[in-house]
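Input sequences plus hints: build the corresponding full structure.
This is what each chain is made of:
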Amino acid sequence: MTPPQEGRTGLAGLAGHTVPRQATAAERDRGEIGPEPADVLLTVNGTVHRVRLEPRVSLLDALRERLDVTGPKKGCNQGACGACTVWVDGHRVLACLTLAVACEGREVTTVEGLADGDELHPMQEAFVDNDALQCGYCTPGQLMSAVALMKEGHHRDDAEIAEWMSGNICRCAAYPNIRRAIRQVRDSGGRAEQEGES
Amino acid sequence: MSIPPQIGRGVPRADAHAKVTGAARYSAEHRPTGAVHAVLVCSRVPSGRITGIDASRALVSEGVLAVLSHLNLPRVAAQPRLIPSLAGTTAHGQSFFPMQDERIHYAGQPVAMVVADTLERAEHAAELVGVDYAEEPWTTTVDQGRDRAYEAEHIFGGFVPGRTDRGDVEAGLAEAETVLESTHRFAANHHNAIEPSAATAVWEDSKLTLYDTTQGPTATRLTVAELLGVPPSNVRVVSEFVGGSFGGKAMIWAHPTLAAMAAQHVRAPVTLALTRAQTFSNTGHREEQEHTLTLGARSDGTLTAIRYRKLSPTSHFDDWAEPSLGPAAQLYACPNFEGVYDLVRANTMTPTFMRAPGEGTGAFVIETAMDELAHELGLDPLELRLRNHADTDPETGNPWSSKGLRECYARGAELFGWHSRDPRPVQGARREGDWLLGTGMASAVYPVYSVMNPQRARARVYADGRAVVETGCSDIGTGAATVMGQVAAEALGMQSEAVTVHYGDTELPNTVAAVGSAGAGAVSAAVHTAARKLRDQLVAQALADQGSPLYGADPDEIEVRSGRMSLRGSPGTGEAYGEMLGRNMTFDAEAVGSWQPPGRDSGYGTATFGAQFAEVAVDPGLGLVRVRRMTGVFAPGRVLNRRTAHSQLMGGMLWGLGQALLEATHMEPNQGRWANPSLGEYLVPVNADTPDVQVEMLEVEDRVVNPLGVKGVGEIGQVGAAAAIANALFHATGRRFRDLPITIESVMAPA
Ligand code: FES
Ligand code: FES
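Residue numbers (UniProt numbering), protein chains in the order written: chain B, 1 to 198; chain W, 1 to 751.
Treat the hints with care, as some may be off.
Said to hold, decoys possible - Pair ranges (Cβ atoms, derived): (1) B:ASP187 - W:MET452: 48 to 54 Å; (2) B:HIS49 - W:ARG103: 43 to 49 Å; (3) W:PRO74 - B:GLY105: 44 to 50 Å.
No lab work stands behind these hints, which were simulated from the structure alone. From a predicted model like this one, the values you see are computed outputs, not experimental measurements. Quick reminder that beta carbons are idealized off the backbone N, C-alpha and C, glycines included.
Okay, structure coming up:
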């Protein structure tokens with residue numbers, strides 16, 4: 001693969017060729033970063049990464065474009081679809097509306113962090129069992145919301161599940177199956193049970 | 001020893017694991033070394049000329065590699081010509097390619113493209129590109145262009161005539177004892193697949209690899225190659241995971257070609273992902289439309305005449321309208337029919353397929369009109385449908401290849417409890433507190449389109465007992481990949497768990513785009529042909545092999561179960577494929593199968609049918625409508641996977657709910673652009689909007705459409721669902737809702 005070269009428009013080379021100014025220790029101490037790129041430490045699924053970021057970069061773009069963590073999806077980039085749902089310190093957030101620099105020192109968990117090695121999380125298994133997905137693009141966000149919803153205790157009945165899952169659009173409209181998957185995990189006390197083939 | 005049939009089993013999706021773990025990579029998620037980002041700049045005016053492009057600020061912005069516009073982008077090698085992707089050839093979404101000259105034809109048209117090293121730098125620089133326009137007058141709505149409407153010669157890429165006639169409508173109306181006329185308006189709709197369209201282009205010398213989110217990798221290959229003027233064999237398209245489509249990725253739009261041009265220009269791989277807002281003007285839409293229907297009937301309900309006109313805006317380049325007249329023309333045995341498509345040239349892009357393209361709107365019109373007629377005549381709505389049941393295809397008089405509609409009505413009515421329904425459509429006849437309750441039903445019909453090209457697949461058996469099946473098709477969430485494995489397993493005499501599927505790549509055997517609900521039929525035919533050929537080849541090899549226990553046996557006496565060939569009635573005599581291959585020191589065996597579709601003139605009417613039922617609760621004070629339950633029974637021919645087919649039908653029915661109550665893209669007539677291009681303002685159903693949905697499939701045998709008799713489930717679920725909901729609203733309130741979507745305001749408005 002050829003590296004990027006100067007384009008035919010005759011522009012200056014890549015900005016990456018220059019060394020942007022780094023925040024000084026004093027600025028850091030005052031909590032100031034940017035506008036130039038700065039090194040940020042991000043903990044994602046238990047691994048600490050040093051990433052060079054401009055402060056305007058969203059957590060979603062930092063994950064997808066810098067760390068190649070592409071489980072979190074970009075459906076709207078404006079907080080309307082939930083495809084980018086991840087956890088920050090265990091709470092669900094929309095990664096497209098969260099600045100990456102604001103996550104320094106926090107635990108970021110994405111769908112890649114749900115399974116325990118090769119063993120799927122019960123909610124992942126329940127999604128497979130109940131065909132709670134079709135194209136799969138909303139699925140990482142649905143899963144992060146669904147597992148969080150269990151912890152939040154918003155799973156008493158279908159109406160409550162539906163309400164608290166309504167921040168995650170599924171254009172394939174797998175909604176009834178998503179509710180069924182959540183019920184399955186709830187009713188099995190966190191253990192997924194293999195349902196028979198329908 | 002015996003294994004259950006593999007076809008029809010509700011096996012879990014082949015790609016489910018990748019999708020629930022986040023391992024599935026979609027088109028904007030491939031990261032070739034050195035990849036950079038392109039971002040489009042789109043026109044804010046709907047009509048006119050570009051008088052100047054100021055790229056100076058963008059060019060000095062950090063990380064920017066290029067700013068491309070009509071001033072410096074190469075000309076495309078061919079003038080694009082719209083051909084629907086079902087044809088299996090190039091599939092330009094419109095007969096227009098942007099950034100070739102200074103003309104602006106519609107708002108949202110790409111006028112420039114910024115390439116930079118990171119996404120945020122490209123996005124930022126795109127904001128810095130200054131574009132000056134000389135605006136010209138525009139037309140963007142039906143109302144603005146009504147007086148300039150013209151009758152189309154053809155629509156739908158030339159596949160559907162602008163006018164259809166049968167019998168004598170005037171005579172039919174003269175014969176009628178009841179004549180009903182109604183006008184229906186539909187807001188424009190956008191697909192809003194949750195993955196916005198995106199492409200990643202990688203050049204290696206003269207070879208291009210495109211990761212494209214598409215319903216048809218081959219369609220992308222042929223279309224992009226034609227525009228770039230390169231041999232199609234130099235273009236490889238990979239499209240393994242596609243984040244939904246619903247028609248928005250059925251045709252090939254400008255962005256994959258633009259990504260390839262940008263990559264050529266900066267000599268680095270380029271990812272071009274449309275923003276959500278950009279998808280509203282770069283991947284087509286369902287057009288705004290107005291339908292006028294006249295129904296004539298005798299007092300016993302028998303239809304004597306149907307007259308139908310549709311008026312809708314199209315682009316300046318193509319005569320496109322979705323074929324909405326189909327359901328009225330095909331559902332009932334009415335001898336006299338006249339249908340006309342009127343078009344208005346407008347400053348929009350060419351509209352395109354959107355799930356149930358035409359049938360979704362057309363079934364709403366005929367099926368709410370039938371409800372109205374039933375009410376006028378004092379007949380049960382279901383009984384009126386039965387009285388007009390079309391025993392043969394009313395358009396041609398041909399027999400149906402298969403039907404099952406009567407059975408769908410009967411089963412649906414039973415499941416839903418239709419016959420205990422209180423027939424009075426009176427406001428408040430049934431209530432629960434402030435909620436008024438009502439129920440409604442409708443018929444569903446969707447054509448079985450015949451594909452045109454040979455459909456190919458490759459099957460391979462390994463000596464270790466596993467098999468692989470390959471076709472180029474993409475799986476847009478339908479379950480195509482899953483059913484490929486099942487169909488191959490059935491033909492090979494194996495378990496589907498032992499079959500691996502490869503798909504979504506033009507390097508694999510060619511199949512048509514997964515469009516028009518035809519994907520499952522075409523792909524299953526190809527896979528069945530290949531796998532059956534391989535099975536027969538392996539059996540023949542065994543029978544000719546002196547070392548085989550089956551040496552010299554009659555091929556008709558061989559059966560294969562779990563990959564083991566044996567004599568029928570004497571299962572002990574036989575051997576596994578793998579044993580035979582191993583003995584002959586071969587590691588694998590394979591066959592390519594090619595299925596030649598029967599062509600358009602099969603001599604049969606081919607369509608899928610179904611029946612829809614819905615219950616609503618309405619709070620007229622607040623304008624709220626809640627769909628409490630939906631029941632759909634469909635006859636889709638052979639069902640390849642009950643689980644994935646169920647999901648497709650359920651999703652379609654919930655799309656009908658969205659169509660009925662939520663979905664509208666509003667054209668701002670004074671600006672000439674979409675007013676609500678976002679998922680915050682284009683409303684789609686969310687979890688709390690959707691009831692549980694009851695779906696049943698009645699299998700009907702079809703020996704005409706394709707070898708396995710598969711009629712498809714992608715769209716039929718949506719057809720008629722909105723009509724059933726609107727009819728339920730009438731039942732609850734005594735008021736007719738003729739326009740879609742049915743908004744809170746219209747429900748609140750006094751009758
Ligand atoms: S991408 Fe964040 S909410 Fe849609
Ligand atoms: S599975 Fe396609 S959007 Fe939810």
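How the hints compare with the structure:
Take ASP187 of chain B and MET452 of chain W: their Cβ atoms lie about 50 Å apart, and the range 48 to 54 Å holds. At about 47 Å, the beta-carbon gap between HIS49 of chain B and ARG103 of chain W stays in the expected band of 43 to 49 Å. Remark: the range hint 44 to 50 Å for PRO74 of chain W to GLY105 of chain B is upheld by a beta-carbon distance near 49 Å.
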